[in-house]
Every structure is written in C-alpha cells, then in structure tokens.
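Novice: Sequence:
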Amino acid sequence: FCKQYLPFHIFHIHCIIPRFWTIIADLCSCDIPITKDEKIQFLLTHKIALWDVLQSCSIQGADDTSIQEPVANPIHLLLQKTSMKAIFTTGSKAAVLYEKYCLSKTGIPAITLPSTSPANCRMTYDDLKQAYAVILPYLR
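For the sequence shown, position 113 (counting from the first letter as 1) is numbered 113 according to our numbering, and the numbering increases by one without interruption.
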C-alpha cells in the first residue's frame, strides 16, 4: 500500500481519458475542454465544483477496493462558503465513502452517478450521458 493524496480536481483536470469531460461538455452543449485552463474555465462558467470525497488514503494502484486509512475532505466547509444546490458522486465507491464520512457533516444526501472510468465498460457513452443528465437542472 502506498499513501496517496487524492485531489479530485487534479485527477479530472489532468485526466487523459476524456469520458467525464466529453459527457459534461455534451450535456452543456459546449466544446470539450482540453487544457487545464479550459477545464477550469468550463467549471467556473457552469458553476461546477469538483472535489474528491477523500483527501488521502492508502491504496494499491487505482483499486478502490484496496482503500485503507481514508481521510475525508472537509466538504462541509466548502458548503459553508458556497451556494451549492446538490452533491453528486461518481461511482459506487465514492457514494459509499461520502455516506460514511461526509453525510453526517453536510446533511445533504449525494446523488450517485455511474463512474466514467474506462473500467466501467458496461455503460455506453449514451447510457452515461443519460445518467448524467440529472445534473442539468442544477446548472441553471
């Protein structure tokens, strides 16, 4: 096991696999942001905050089932400083971790979205886009 810090925004900002960005951009009828600056601008324009449930943990590679020593991000502090309308988690592991470590502090149940990871190969692009469409009312 190695100790890893999991800044969600860095993973998704630098992610070379664009399924997340492709779906979000498609739903917003925008061009897919490519560079880090474009992604940041896209998020600001659409008032989307990305933050991992965990601040750090011990994990083997990218295997979520191996997570040990989880330390939650203080999402409740972010909520105190913003006017967020909803919390979404991407993937079942993030949903479980949010419920276990964050829900009692935020008081806001998360809406679970399917993972956009290539490991989630059972879902087609269209399936993912349809599932992620639930975010649209919150972007208006």
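The hints are simulated quantities; they were obtained by calculation from the structure and are not laboratory data.
One should not assume that every hint holds.
Unchecked claim - Think about it this way: if two alpha-carbon atoms lie no more than 25 angstroms apart in a straight line, the pair counts; the simulated DMTMM-like pairs of lysine to aspartate or glutamate are: (1) Lys36 with Glu69; (2) Lys105 with Glu69; (3) Lys93 with Asp127; (4) Lys81 with Asp37; (5) Lys85 with Glu99; (6) Lys36 with Asp26; (7) Lys93 with Asp64.
What the hints assert, rightly or not - Derived Cβ-Cβ restraints for the label pairs, each shown as a range: (8) Trp51 with Thr22: 30 to 40 angstroms; (9) Pro18 with Ser66: 17 to 27 angstroms; (10) Asp127 with Glu69: 16 to 26 angstroms; (11) Ala49 with Lys129: 28 to 38 angstroms; (12) Ser83 with Leu103: 31 to 41 angstroms.
Keep in mind that this is a model prediction, so the values were computed, not measured.
Backbone N, C-alpha and C define an ideal beta-carbon position, used for all residues, glycine too.
Novice: Next, verify each hint and record whether it holds.
Specialist: Results for each hint:
no. : hint                                  : result
1   : Lys36 with Glu69                      : violated, 30 angstroms
2   : Lys105 with Glu69                     : holds, 19 angstroms
3   : Lys93 with Asp127                     : holds, 19 angstroms
4   : Lys81 with Asp37                      : holds, 23 angstroms
5   : Lys85 with Glu99                      : holds, 17 angstroms
6   : Lys36 with Asp26                      : holds, 18 angstroms
7   : Lys93 with Asp64                      : holds, 7 angstroms
8   : Trp51 with Thr22: 30 to 40 angstroms  : violated, 21 angstroms
9   : Pro18 with Ser66: 17 to 27 angstroms  : holds, 26 angstroms
10  : Asp127 with Glu69: 16 to 26 angstroms : violated, 34 angstroms
11  : Ala49 with Lys129: 28 to 38 angstroms : violated, 21 angstroms
12  : Ser83 with Leu103: 31 to 41 angstroms : violated, 19 angstroms
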